[in-house]
Each structure stands twice: as C-alpha cells, then as structure tokens.
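K.L.:
Sequence:
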Amino acid sequence: MLMEWLDPLVLARWQFGLTTLYHFLFVPLTIGMALLVAIMQSAWFVTGKLKWLHLTRLFGRIFLINFAMGVVTGIVQEFQFGMNWSDYSKFVGDVFGAPLAMEGLLAFFLEATFIGLWIFGWDKLSPRLHLLSIWMTWFSTILSAYFILAANAFMQNPVGFRINEEAGRAELADIGAVLTNPVVLASFPHTLFASVMFAAVVVVAVAAWHLSRGQHYEEMRTALKFGGWTNIVAFAGVAASGDALSLIMVQTQPMKMAAAEALYETTSAASFSIFSLGTPDGTEETFSIRIPYLLSILSTHDPMGTVEGINDLQAQYELAYGPGDYLPIIWLAYWSFRWMIGLGALAALISAVGLWMTRKGREPKPWAWKVAIWAAPLPLLASLVGWLFTEMARQPWIVFGLMLTEDGVSPTVTGLEVLISLVAFTLVYGILAVVEFKLIVKAAQEGPHSWDHTVDPKDIDSAKLATVY
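In terms of my numbering, the sequence shown opens at residue 2 and continues consecutively.
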C-alpha cells in the first residue's frame, strides 16, 4: 500500500493536476476582467460619465490583484516539465516548447509592459494612449492564452512534427501547423468566452453586494446590467464555440466523445443522457434521462449520424498502437462533461432571471442578491471541470497517439521527492488562495472611490488619479 502511495507517476500526475487547476483559478478572471475593464474605460472616455471611471478603477484593482497571483503560479507550473516530466520534455520539448517560448518572450513581455503603462500612466499618458494601454494589455493576455492553448492542442492532436529516430525524439517541422492546429482554433474562442463569463459574474456579484446594502446605486445598477448582459452574450459564445470544439474532438479524439457519453457500442441516431445510472463496472446502463439524437447532432451535426463506441475504438487502438487499455476513466469523463455544461448554463440562467427581476429599476427580494453573490464561482467551476474532462479523457496518452503518460515521467525522481514537493506546494498554494481571496473581497467591498464630478477624461492630466493604487 505504501509503495502505491509513493508511485512517482501517480504523485507526479496529482502534482501537475493540482498546480494546473490552481493556476487556472486566476487565468479566466485575468483574461475576462482585462476586457471588461477596457470596455468600462472606453465607455468613460466616450461618454465622460464618471460612473464608468469609478467602475474602471474598482474592477481594475481586482484585475491587478488577480494578475499578480496568476504570474506567480504560472511560473511554478512550467518548472514541472523539467522536474517531474523530463522524459516527456526530452521527447517533445522541441515542439511543445516552441509556443511556450513565444508566450514568454512575446506575449508576457507585452503584457508586463502595457499593464505597467496602465497602472502608472493615469496622470502621465494622454487619455487615448492610456486607453490604448489597457486594450493592449487585454490583447497581450489573449495572445498569451493562444500560445499556451497551442501547446496544449499539440498534446490533444500532435501536428507539425517529425520523428528523429536517431535522437529518439519529436522535432519541430512546421510551426505554422502547430499554431493553426484545428484543436487550438476551436478551443481558443471557447476559453475566451468562458473567461468573459466568469469576469461578468464577478461584476454582477460585486454589484449585488453593494446594492443589497443600498450603496453606490448609480454605479452598481450600471455594473449589474453590464455584467448580466455580458454573461448571457458570453454564454452564447461558449455554446457556439463548444459545438465547434465537439466536432474537432470527434475527428481527432473519438474516444473522448465516446467516454463523454459512456457509449460502449457504435450507434447511429445516438441520444444524449442528461443523467444516467449504471452497473458497478459502468459497462451497462440501468436508468437514464435522455434527449433523442442529441449526441449524434453534437458529434456530426446529423441527427442520424454514427458515433463510434468505446469497444470498437479500443479494438482500433490495439491494432494501431499494440495491446493495452486505452480507456480513460469513464465516470470522470461522463460527469465532468455534464457539470461543465450544467454549471455554465446555470450561471447564464441566473443572470437572465436577475435582469428580468431588476428591469425598469425594480428592487428584487433580498434572497435574489444572495443568489447573485453565491453564483459568482459557477463559470469558474465549469471551466475547471471542463479542463478535467479535456485532460483526463485524453488518458492514457500524454500526447495522443504518440506518447503514453507513463512514459513521460522523470525516471530518476523518487516518489518521496514528489510527495514532499506536492505537500509543500499544497500548503503554499492554500495560503496564497486565502490571501488572494481576502484581497479581492476587500477591494470589492471597498467599492468605487469618489472623485469630483467635474473630472472629465479630456482633463486626465490634472486629475491625479494614479494616487488611488
């Protein structure tokens, strides 16, 4: 039993999963909030209405706190490729490392530059240049996301490489193919829309907290409507991009789609189960609630389309890659896929109901404010379980069809060494999570700072607004 707990492969996977999901706690809010703050500042620049300046500064503080934490956790995450996954890095590092290098040398450099200009340039840059700096900050964040997603897409659908038999590794052959991988072209907009959803519900939650206390009425009513409508529009984008991503997934990783439905036999006109119960081994269904034809529609855009089952795909993979078990953890793939969809849809539904309840200046019941506040984590949770599905349903491959996960772990790192670092990371990350949460809550509860209502965006040089940070 002790040897099982000290298995370097198991512990390395747990550690990478922990650090990756922890880092991703900050990524969606950084991407989404940068865009929303840029829109808020643009609204102030165009209209001159001070409420937009107040909202820009309030949510700008939240954005900066979150950005700082994301940088710290992201750096630690990348160290693991050399520490715990050296065989993986040795085999595909020439390909996988290329987009990561672009992210660090280009995207992050731009991001750090423009975020600095935005922080310190309130009373030093012209209004137009200062506004440009926050838009460039957002552009840099999505550029960074694109390069990282391109690296991940290579693990889902390896392209743009050749195998050097003499060196025993994959080498970069076509960087264009890596950066235009069909998987990244589909996952990139899906990730962006999901990030905007999370940022939007954070805006709604902050507005609801203040409105429930009768504070900052003008600014917070505006924030409530802005966040609610943004969330609904972003959810529509998530749904559309998710549909495109599902088609790519069927083409590149059919086992992943089969696992998402726990579909063991190849089926035409396949239905989609909202809820299902099965035998203990998961191979037979005992009860389910189903939507006819939906799985075929999601997989092929044809209600009569054929969806390959797990058993047939297992047989195909054995022929292609040799004997072995090529099934992911079916129950995890099945339920994470549904939680991803359900949590995102619930967040959008809450925003729609909230907008209806507060239309024409109406005041909802006190419980409605509490629902809006507690609904803030829903899109983030949807993104997290979505990544669980993406990564776990790819197993047992670390690079699909090219390298098994068990072959990528560092051969000289012991289980005890990984366990010590895993415990240390968990403790440190736990402390950082508490610090991050308290700082964001404090900034949110402080609310917008007030300025003289004569301040105009054209007179920004005399406003001396940089003293707020």
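Warning: the hint list may mix true and false statements.
[What the hints assert, rightly or not] Distance ranges between label pairs, derived from CB positions:
| no. | residue 1 | residue 2 | range |
| --- | --- | --- | --- |
| 1 | LYS439 | TYR218 | 40 to 50 angstroms |
| 2 | GLU266 | LYS361 | 52 to 62 angstroms |
| 3 | GLU266 | TRP230 | 38 to 48 angstroms |
| 4 | GLU172 | SER127 | 21 to 31 angstroms |
| 5 | ARG360 | GLU418 | 51 to 61 angstroms |
| 6 | THR307 | ARG360 | 38 to 48 angstroms |
| 7 | GLU418 | GLU79 | 13 to 23 angstroms |
| 8 | GLN78 | THR307 | 18 to 28 angstroms |
Don't read these hints as lab results, they were simulated from the structure.
Note that the coordinates shown come from a computational prediction; the quantities given were computed from them, not determined experimentally.
A virtual CB, placed ideally from N, CA and C, is assigned to each residue, including glycine.
K.L.:
What are the numbers of the hints the structure violates, in ascending order?
P.N.:
1, 4 and 8
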